[in-house]
Amino acid sequence: MSLRIVVCVKYVPDATGDRHFAEDLTVDRDDVDGLLSELDEYAVEQALQIKEAADDAEITVLTVGPEDANDALRKALSMGADKAVHVEDDDLHGTDALGTSLVLAKAIEKTGYDLVVCGMASTDGTMGVLPALLAERLNIPQVTQLSEVSVADGKVTGRRDGDTASEQLEAALPAVVSVTDQSGEARYPSFKGIMAAKKKPVESLDLEDLEIEADEVGLEGAWTKVEDAAERPARTAGTIVKDEGEGGKQLAEFLAGQKFI
Amino acid sequence: MAEVLVYVDHVDGAVRKPTLELLTLARRIGEPVAVHLGPHADEAAKVLAEHGAVKVLAADAPEFAEYLVAPKVDALQAAYDAVSPAAVLLPSSAEGKEIGARLAVRIGSGIITDAVDLEAGDEGPVATQSVFAASYTTKSRVSKGTPVITVKPNSAAPEAAPAAGTVEQLAVTVADSSKGTKIVSRTPRESTGRPDLTEAAIVVSGGRGVNGAENFPVIEALADSLGAAVGASRAAVDAGWYPHTNQVGQTGKSVSPQLYIAAGISGAIQHRAGMQTSKTIVAINKDEEAPIFDLVDYGVVGDLFEVVPALTDEVKTRKG
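For the protein sequence lines, the chains are C and U, in the order given.
Under our numbering, residues 1 to 261 are what the first sequence spells out, in order.
Under our numbering, residues 1 to 320 are what the second sequence spells out, in order.
FYI, nobody ran anything at the bench for these hints, they're computed from the structure.
Using N, Cα and C, we set each Cβ at its ideal position, and we do this for glycine too.
A portion of the hints provided could be inaccurate.
[Said to hold, decoys possible] Keeping only pairs whose Cα atoms sit at most 27 angstroms apart, straight-line, the calculated DSSO-like set for lysine-lysine is:
{"hint": "1", "chain 1": "U", "residue 1": "K179", "chain 2": "C", "residue 2": "K259"}
{"hint": "2", "chain 1": "U", "residue 1": "K17", "chain 2": "U", "residue 2": "K139"}
{"hint": "3", "chain 1": "C", "residue 1": "K225", "chain 2": "C", "residue 2": "K51"}
{"hint": "4", "chain 1": "U", "residue 1": "K319", "chain 2": "C", "residue 2": "K259"}
{"hint": "5", "chain 1": "C", "residue 1": "K192", "chain 2": "C", "residue 2": "K106"}
{"hint": "6", "chain 1": "U", "residue 1": "K144", "chain 2": "C", "residue 2": "K259"}
{"hint": "7", "chain 1": "C", "residue 1": "K242", "chain 2": "C", "residue 2": "K200"}
{"hint": "8", "chain 1": "U", "residue 1": "K286", "chain 2": "C", "residue 2": "K110"}
{"hint": "9", "chain 1": "C", "residue 1": "K242", "chain 2": "C", "residue 2": "K155"}
{"hint": "10", "chain 1": "C", "residue 1": "K259", "chain 2": "U", "residue 2": "K316"}
{"hint": "11", "chain 1": "C", "residue 1": "K242", "chain 2": "U", "residue 2": "K279"}
{"hint": "12", "chain 1": "U", "residue 1": "K182", "chain 2": "C", "residue 2": "K249"}
{"hint": "13", "chain 1": "C", "residue 1": "K106", "chain 2": "U", "residue 2": "K144"}
{"hint": "14", "chain 1": "C", "residue 1": "K242", "chain 2": "U", "residue 2": "K144"}
{"hint": "15", "chain 1": "C", "residue 1": "K106", "chain 2": "U", "residue 2": "K179"}
{"hint": "16", "chain 1": "U", "residue 1": "K179", "chain 2": "C", "residue 2": "K249"}
{"hint": "17", "chain 1": "U", "residue 1": "K144", "chain 2": "U", "residue 2": "K182"}
{"hint": "18", "chain 1": "C", "residue 1": "K249", "chain 2": "C", "residue 2": "K259"}
{"hint": "19", "chain 1": "U", "residue 1": "K253", "chain 2": "C", "residue 2": "K242"}
{"hint": "20", "chain 1": "C", "residue 1": "K83", "chain 2": "C", "residue 2": "K225"}
{"hint": "21", "chain 1": "C", "residue 1": "K225", "chain 2": "U", "residue 2": "K139"}
{"hint": "22", "chain 1": "U", "residue 1": "K17", "chain 2": "U", "residue 2": "K286"}
{"hint": "23", "chain 1": "C", "residue 1": "K249", "chain 2": "U", "residue 2": "K286"}
{"hint": "24", "chain 1": "U", "residue 1": "K139", "chain 2": "C", "residue 2": "K259"}
{"hint": "25", "chain 1": "U", "residue 1": "K279", "chain 2": "U", "residue 2": "K139"}
{"hint": "26", "chain 1": "U", "residue 1": "K286", "chain 2": "C", "residue 2": "K242"}
{"hint": "27", "chain 1": "C", "residue 1": "K83", "chain 2": "C", "residue 2": "K242"}
{"hint": "28", "chain 1": "C", "residue 1": "K155", "chain 2": "U", "residue 2": "K253"}
{"hint": "29", "chain 1": "C", "residue 1": "K249", "chain 2": "U", "residue 2": "K17"}
{"hint": "30", "chain 1": "C", "residue 1": "K225", "chain 2": "U", "residue 2": "K316"}
{"hint": "31", "chain 1": "C", "residue 1": "K106", "chain 2": "C", "residue 2": "K225"}
{"hint": "32", "chain 1": "C", "residue 1": "K249", "chain 2": "C", "residue 2": "K199"}
{"hint": "33", "chain 1": "C", "residue 1": "K155", "chain 2": "U", "residue 2": "K139"}
{"hint": "34", "chain 1": "U", "residue 1": "K17", "chain 2": "C", "residue 2": "K51"}
[To be verified] Short derived list, chain U residues pointing at chain C, Cβ under 7 angstroms:
{"hint": "35", "residue": "K46"}
{"hint": "36", "residue": "V47"}
{"hint": "37", "residue": "I107"}
{"hint": "38", "residue": "V167"}
{"hint": "39", "residue": "S266"}
{"hint": "40", "residue": "K316"}
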């Protein structure tokens with residue numbers, strides 16, 4: 001039987017761009033280019049490796065986001081995912097993590113799954129809670145923050161490197177997995193992959209398809225509210241000295257003045 | 001006064017500093033009730049009481065160590081049901097965030113992660129966060145349910161505030177569905193004797209400019225002279241020069257020490273995301289155009305192999 005893998009990905013504003021907030025205190029997506037979250041590339045990569053090790057597997061890449069989020073799906077398809085699902089609905093604007101997990105969980109159930117693979121966090125919100133939220137909503141095991149992962153005989157195993165210990169984990173499928181940036185370099189799409197991606201199916205779903213009411217998501221339905229967002233004042237220019245043999249001493253002088261020594 | 005649940009992060013009853021910070025912040029919004037899961041609650045209770053815990057709800061079950069996260073969510077939910085708190089606070093560790101997230105779903109509440117400050121507000125606690133690589137400061141609150149908030153280490157100075165800290169046993173039933181992810185084996189991290197990276201008051205980090213694992217002792221020597229933790233940039237970690245657990249940045253640890261010293265680090269946005277809220281920032285780099293110099297309070301343009309050892313010697317001399 002085919003192993004059905006769903007990879008959740010996010011389309012995020014480029015971190016090297018000038019990111020800011022829109023008037024409604026949601027992330028402004030108009031002024032900065034978007035892309036597939038770098039940390040989700042690791043998730044796509046691990047899904048591809050799991051598929052390559054399996055007899056028969058299929059990868060669906062799933063995103064919730066505006067029209068442009070299609071770019072993130074295309075990138076994942078060009079890396080080698082088989083098909084895509086795009087949940088897009090005007091009422092989703094301003095949805096927070098809990099709302100997003102609700103939408104993703106419904107879309108995952110509709111798609112059908114044995115394994116859900118996520119990145120460790122998005123590169124914009126950086127909360128890192130979505131995999132746990134999905135495990136709770138889907139009522140399946142979470143095998144998260146893995147730097148190594150493999151799937152065999154209906155089980156997923158992996159290594160989680162924590163602050164105080166390194167743990168070897170094991171769970172029966174279906175399960176939610178999240179992988180860290182230590183799991184292995186993500187491959188670059190080949191020219192052939194990019195061409196093939198254009199022909200792969202992208203299914204579009206809206207809230208009605210997922211039987212979610214508009215007031216359960218979006219800015220109004222959010223479980224959290226941003227009340228204020230202020231740009232951090234630029235740091236005042238510091239002292240910069242050129243080392244001409246005395247740099248270490250000068251620095252020590254500065255640190256002593258600040259009472260660090 | 002409303003009670004506030006504080007999830008205790010500890011190693012065998014030795015309470016870690018971020019929990020004491022949580023107790024300090026919890027007192028701004030109510031009466032802290034600590035939740036201690038695992039062994040040695042009595043030992044922990046002494047420290048928790050000194051920092052304001054009016055009560056310590058304690059539970060120990062083998063499932064906490066045998067399975068990942070979910071049994072602890074069952075226990076925290078039991079504490080939530082017992083207390084009906086005004087808020088639930090957890091440390092912003094990977095596990096703290098995951099426990100908080102799952103509890104939030106169960107109790108139908110919103111969650112805020114990585115708060116750097118917390119204050120009482122008319123409509124519940126208001127959390128300050130530092131976002132977009134610390135280029136913005138936001139204030140948020142949970143608008144549905146009981147606020148679940150995770151707080152970053154070093155967000156408050158722990159204050160002593162003696163309270164009763166009476167230990168009460170918490171009855172916990174671990175659901176079968178919470179036994180899904182088995183912890184097959186556990187290898188404790190070897191202690192370096194240096195302070196924990198996220199908790200340290202001073203962090204000394206090395207980057208690409210360190211140019212090899214064999215040169216990291218130069219960074220370590222400076223760290224040791226200052227009693228600091230050692231960090232590394234992603235470039236240094238990806239090159240295999242230093243362990244990932246020491247990585248500072250977006251995909252590693254986010255640190256906010258009193259003093260951050262970056263040696264041989266150019267300051268890419270991913271690194272800045274993890275250290276930009278440090279109180280005082282110092283950089284040593286050969287390249288005077290390196291973006292890190294835009295952030296510094298004090299910068300030295302120079303070869304780190306000249307400057308760092310000279311600084312280390314000077315620190316040792318001055319400290320006697």
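Hints, verified against the model:
For the suggested pair U/K179 and C/K259, the alpha carbons sit about 51 angstroms apart, so the restraint of at most 27 angstroms is broken. Among the hinted pairs, U/K17 with U/K139 is consistent with the structure: their alpha-carbon atoms are about 24 angstroms apart, no more than 27 angstroms. This hinted pair does not check out: C/K225 and C/K51 have alpha carbons roughly 40 angstroms apart, beyond 27 angstroms. Annotation: proposed proximity of U/K319 to C/K259 holds, straight-line Cα distance about 12 angstroms (limit 27 angstroms).
Taking the CA atoms of C/K192 and C/K106, the gap is near 33 angstroms; set against the 27 angstroms cutoff, the hint is violated. Proposed proximity of U/K144 and C/K259 is contradicted: the alpha carbons are some 45 angstroms apart, above 27 angstroms. About 56 angstroms separates the Cα atoms of C/K242 and C/K200, which puts this hinted pair outside 27 angstroms; it is violated. As the CA atoms of U/K286 and C/K110 are separated by approximately 55 angstroms, the hinted pair breaks the 27 angstroms bound.
For the hint pairing C/K242 with C/K155, the CA-to-CA distance comes to about 58 angstroms; that exceeds 27 angstroms, so the pair is violated. Proximity of C/K259 to U/K316 is assessed by CA-CA distance (about 14 angstroms); at most 27 angstroms being required, the pair is judged to hold. Between C/K242 and U/K279, the direct Cα distance comes to roughly 23 angstroms. Compliance with the 27 angstroms bound is thereby established for this hinted pair. About 53 angstroms separates the Cα atoms of U/K182 and C/K249, which puts this hinted pair outside 27 angstroms; it is violated.
As the CA atoms of C/K106 and U/K144 are separated by approximately 21 angstroms, the hinted pair is consistent with the 27 angstroms bound. Restraint check: the Cα-Cα separation between C/K242 and U/K144 comes to about 54 angstroms, which exceeds 27 angstroms; the hinted pair is violated. For the suggested pair C/K106 and U/K179, the alpha carbons sit about 23 angstroms apart, so the restraint of at most 27 angstroms is met. Proximity of U/K179 to C/K249 is assessed by CA-CA distance (about 57 angstroms); at most 27 angstroms being required, the pair is judged violated.
Restraint check for U/K144 and U/K182: the C-alpha separation of about 33 angstroms exceeds 27 angstroms, so the hint is violated. For a cut-off of 27 angstroms, the pair hint linking C/K249 to C/K259 stands: about 15 angstroms separates their Cα positions. For the suggested pair U/K253 and C/K242, the alpha carbons sit about 30 angstroms apart, so the restraint of at most 27 angstroms is broken. Distance check on the hinted pair: C/K83 and C/K225 sit about 34 angstroms apart at the alpha-carbon level, beyond 27 angstroms; violated.
Proximity of C/K225 to U/K139 is assessed by CA-CA distance (about 9 angstroms); at most 27 angstroms being required, the pair is judged to hold. This hinted pair does not check out: U/K17 and U/K286 have alpha carbons roughly 36 angstroms apart, beyond 27 angstroms. At roughly 17 angstroms between alpha-carbon atoms, C/K249 and U/K286 fall within 27 angstroms of each other, so this suggested pair holds. Distance restraint check for U/K139 and C/K259: the Cα-Cα separation of roughly 32 angstroms exceeds the 27 angstroms cut-off, and the hinted pair is therefore not satisfied.
Using a Cα cut-off of 27 angstroms, the hinted pair U/K279 and U/K139 holds, with the two alpha carbons roughly 20 angstroms apart. Among the hinted pairs, U/K286 with C/K242 is consistent with the structure: their alpha-carbon atoms are about 9 angstroms apart, no more than 27 angstroms. Proximity of C/K83 to C/K242 is assessed by CA-CA distance (about 55 angstroms); at most 27 angstroms being required, the pair is judged violated. Note on C/K155 and U/K253: the hinted pairing is violated, with a Cα-Cα distance of about 30 angstroms set against a maximum of 27 angstroms.
Annotation: proposed proximity of C/K249 to U/K17 is violated, straight-line Cα distance about 33 angstroms (limit 27 angstroms). Of the pairs offered as hints, the one joining C/K225 and U/K316 is violated, with about 49 angstroms between alpha carbons and a cut-off of 27 angstroms exceeded. Between C/K106 and C/K225 the CA atoms are separated by roughly 23 angstroms; this keeps the pair inside 27 angstroms, and the hint holds. A hinted pair counts as satisfied when its Cα atoms are at most 27 angstroms apart, and C/K249 with C/K199 does not qualify at roughly 63 angstroms.
Straight-line distance between C-alpha atoms of C/K155 and U/K139 comes to about 42 angstroms, which puts the hinted pair past the 27 angstroms bound. Proposed proximity of U/K17 and C/K51 is contradicted: the alpha carbons are some 43 angstroms apart, above 27 angstroms. Interface hint status for U/K46: violated, as the beta-carbon distance to the closest one in chain C is roughly 21 angstroms, over 7 angstroms. At about 18 angstroms, the closest approach between the beta carbon of U/V47 and any beta carbon in chain C exceeds 7 angstroms, and the interface hint on this residue is violated.
Below 7 angstroms, beta-carbon pairs count as interface contacts, and U/I107 has none with chain C, the closest being about 11 angstroms; its hint is therefore violated. Of the supplied interface hints, the one on U/V167 is violated, with its beta-carbon coming no nearer than about 24 angstroms to a beta-carbon of chain C, more than 7 angstroms. At a threshold of 7 angstroms, the smallest CB-CB gap from U/S266 to chain C is about 13 angstroms, leaving the interface hint violated. At about 10 angstroms, the closest approach between the beta carbon of U/K316 and any beta carbon in chain C exceeds 7 angstroms, and the interface hint on this residue is violated.
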